[in-house]
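If you're matching them up, the sequences are chains A and B in order.
According to full-length UniProt numbering, the residues represented by the first sequence are 1 to 348, in order.
According to full-length UniProt numbering, the residues represented by the second sequence are 1 to 231, in order.
What the hints contain is simulated information worked out from the structure, not anything from laboratory work.
Given the structure is predicted, the values throughout are model-derived calculations rather than measurements.
Do not rely on the hints blindly, as some may be mistaken.
Computed from the model, here is a short list of chain B residues facing chain A with C-beta under 7 angstroms [to be verified]: (1) A47; (2) T69; (3) L73; (4) Q79; (5) L132; (6) A135; (7) I136.
The C-beta atom is built at its ideal place from N, Cα and C for all residues, glycine as well.
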Amino acid sequence: MGKRVLGIETSCDETGVAVYDTEAGLLAHTVHSQIDLHAAYGGVVPELASRDHIRLLPALVRQTVRAADCRLDQIDAIGYTAGPGLAGALLVGAGFAESLGMSLDVPVLPIHHLEGHLLSPLLSADPPKFPFVALLVSGGHTQLMSVSGVGEYVLLGETLDDAAGEAFDKTAKLMGLGYPGGPQLAALASEGKPGRFKLPRPMLRSGDLDFSFSGLKTAVLNVVNGVGWKADDAADLAADFQEAAVDVLVAKSLAALEASGLSQLVVAGGVGANRRLRAQLDRAAKRKGWRVFYPEPELCTDNGAMIAFAAALRFERGPGGSPGGAVSVRPRWPLADLRPPVEPAGTA
Amino acid sequence: MRILAIETSSEHASIALICNDEITERTLEGHANHSEKLLPSVRELLADSAIGLHQLDGIAFGAGPGAFTGLRLACAAAQGLAMGAGLGVVGVCSLEALSLQGEGDAVLVATDARMGEIYTAAYEMLDGAPALCGAIACIPPQEFELPPHRRGWFGVGSAFLVHRETLAERGGTGLQIGLPYARVRASDIGRLAAVRVAHGAAIQPEHAAPLYVRNKVALTTEERRERGGRA
Ligand SMILES: Nc1ncnc2c1ncn2[C@@H]1O[C@H](COP(=O)(O)OP(=O)(O)OP(=O)(O)O)[C@@H](O)[C@H]1O
């Protein structure tokens, strides 16, 4: 029988819990989204997020362990998101996980939220193999990483201002679309035709692998505030915005593969759900004979499965942290600071 | 009866172990960051007393009102420890715990709630057990009123430090400001919880919750617009 790892994710506005078995794979996972809770506020309210996490987390753990057909005393290790994210929200998961680990007397592993995202395509039926390039595109991050193993991440480039998802969200807001904006903007874009509005492709030819999205958002603002703007044009403008953002993401991803000599691209994070991005990446990669991997659709947004999985990979390769230690979280935590798990002494 | 009690609702955090009549309490040194010290201190306290989590009858936590993050830390720790050890949980109101430090049979507890407000509750002592009169409130000190049915209230809590004059004026001769420096003690949380556990009132960890009292923490887009601000 494999080792069973409980995963807990509370970094932002999703409470996620999962049980992963190192032999049988994912046994169960549950996600509770707070989108409805925050919608009336026009964005995530950190205090309300924390309140909702503690209201639901213990019950979700009980329920998910039962759904995995096991008992709490059959859990071999616990992984939880220790950062980056909202401090108060992270503390709920960390406090609960460390305490549960202490009472069950099992190792507890603090996991980096983005490591969870970037390893999550490995959970699919046809997974990529190390090494690969990862494009992380979410509401808080836009990064290209070279990934050669668990904990072996080299930052190739990142956004200098807004994250891609943030640009989708802010642009949606200034166009008067509802919350959360990214998916709504993408839906509107699919009804429009790109090409009417000349929007910039920021840093397309910067010669490096960095991004910038705030200028693109401003360009849309100028169109909306400009003379002759008609609400009827919204779908076309959305399409042009999406086209510009996707162009840059695709070009830099290809450049990263080219520069690193790798042939697999892993896309993770909420913006990875964007259909246009997927279509353009797939098309460009195909021409080069490269492959693009995405997480299963249900694992694209925040979830406990990716945390359980990342914890399991680390737990198999090295010792877990001893439970009952400090409950500490890292709201800011560069992914490139991570290290590979240390093999236990004598098992070289 | 064996109870572990956790209290982190303010910067003065403590934990306590109640073993029948024997009570051991430890304060957590250092400021704001109780999260670093909490679990190692619990482990140490249990080890020093040679008691395992599984030998406890329940876990108590200071539910609030108080600093939100601290309330959640105590609650999450109680939930995690209890769930793994198969124990029940009891959340005890921090104001009620403070009332145990009062004198006489009528104790008025008021703590600083920041943002120009106070948390307040009145307790009458019946055979040494506090009984809440009315409701726990979060109000500006200018709106503070003593329960009208009696006089001779003994005031406890930090609000009497921060809003001393206002509260003295509002309370008049019916109120004696007794202990403005009182801090919530885990031992009191544990004592009150022990009675409840004995009466079978411990609950499953997933049903435990902080007692925030202040529930309006943000304005909706609609409300911001009504106040003339930006959406
Ligand atoms: N179809 C889509 N097209 C464009 N953007 C999208 C789409 N679906 C979701 N998004 C964007 O993805 C983001 C949410 O992704 P995710 O949940 O991975 O990130 P996050 O939790 O906000 O940030 P992080 O994980 O970096 O802390 C939002 O900005 C959302 O607008």
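Here is how each hint holds up against the structure:
Evaluation of the A47(B) hint against chain A yields a violated restraint, the C-beta minimum of about 11 angstroms exceeding 7 angstroms. Look at T69(B): its Cβ gets to within about 6 angstroms of chain A, closer than 7 angstroms, so that hint holds up. A least Cβ separation of about 5 angstroms between L73(B) and chain A falls short of the 7 angstroms threshold, and the interface hint therefore holds. Nearest Cβ of chain A to the Cβ of Q79(B): about 5 angstroms, under the 7 angstroms cut. The hint holds.
Against a cut-off of 7 angstroms between C-beta atoms, the interface hint on L132(B) is violated, since the closest Cβ of chain A lies about 23 angstroms away. Interface hint at A135(B): violated, since its Cβ lies 20 angstroms from the closest Cβ of chain A, which is beyond the 7 angstroms cut-off. With a least beta-carbon distance of about 17 angstroms to chain A, the hint placing I136(B) at the interface is violated under the 7 angstroms criterion.
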